[in-house]
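Visitor: This is what each chain is made of:
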Amino acid sequence: EPEVTQTPSHQVTQMGQEVILRCVPISNHLYFYWYRQILGQKVEFLVSFYNNEISEKSEIFDDQFSVERPDGSNFTLKIRSTKLEDSAMYFCASSTGTGPREQYFGPGTRLTVT
Amino acid sequence: GQQVMQIPQYQHVQEGEDFTTYCNSSTTLSNIQWYKQRPGGHPVFLIQLVKSGEVKKQKRLTFQFGEAKKNSSLHITATQTTDVGTYFCAGSGSARQLTFGSGTQLTVLP
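Protein sequences, first through last, are from chains F and V. Residues 1 to 114 (our numbering) make up the first sequence, in order. Residues 1 to 110 (our numbering) make up the second sequence, in order.
These are calculated hints, taken from the structure and not from any lab test. If you're wondering where the values come from, they're calculated on a predicted model, not measured in any experiment. Just so you know, not all the hints are guaranteed correct.
Derived list of chain V stretches under chain F, where covered just means 3 residues or more per stretch with a C-beta under 8 Å from a C-beta of chain F [unchecked claim]:
(1) 22–33
(2) 77–84
(3) 96–109
Think of the CB as a built atom: it goes at the ideal place given N, C-alpha and C, for glycine as much as any other residue.
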C-alpha cells in the first residue's frame, strides 16, 4: 500500500539554525500539507500546496516558514531561524481530488530545538 | 477563525464498555473527518461525513454528523484494547484546510 514518507524521523537543532524537513507524498496525489503537533496537543494546520503553489496557510505559517516541491517527488518544509517553540512533531500529508478528501499522514519528524 | 472543540479530553473505560466522543464547531462545516492516532503514531483517517444528519458505521464504530453541520460524534460499541488511542475530529468550512479538534484520548482497561 502506498504511503507518505518523511525524513528525518528526529531532528535536533540549535535555536536560530535553519532546518529542512522532507516528505515524499503518495505519487498520484495532488494536494500536499504540513501540520504540526506540539507534544500532547492537537494537530495544527500549517500550509497546503497545490499545483506548485501555496493554496492555504494558517497564522502559524509566518515568514520563517517556506515550502517547496523541488522535484517531482519531494515536498519540503523549511524553517529559517528556529525558535524553542518550534519544537514539535511535524506531519506531512497528501490527498487527491478536487473536493474534501481523506488525508494520508506520514510518520512525522520530531523537531527538537535546543 | 474556525474553532473545533472536542469532549471529553480523556476517557477511561473497561474493555467491553461503550465510548463516545463529541465534536462541536463554532461555524458550519462543509464536511467533517475523523482520525485515530495511536500513542507515538500519526493520524490515520477513519471516515468523512458530508451530508447533514449523515450516519455511517464501520463495524463497532458509528459516526454522526449533526443536522446543522456544526457537531459530530463517534461512538464505539464494546470497546477492545485495540481501540486505544486519541480520536480527533477535523472539520473544514469553505476552505480546504482541516481544523482539528483537541482530541479524546481513550484508554481501555483489560
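Visitor: Broken hints, numbered, in rising order?
Guide: Hint check: 2 fails alone, others pass.
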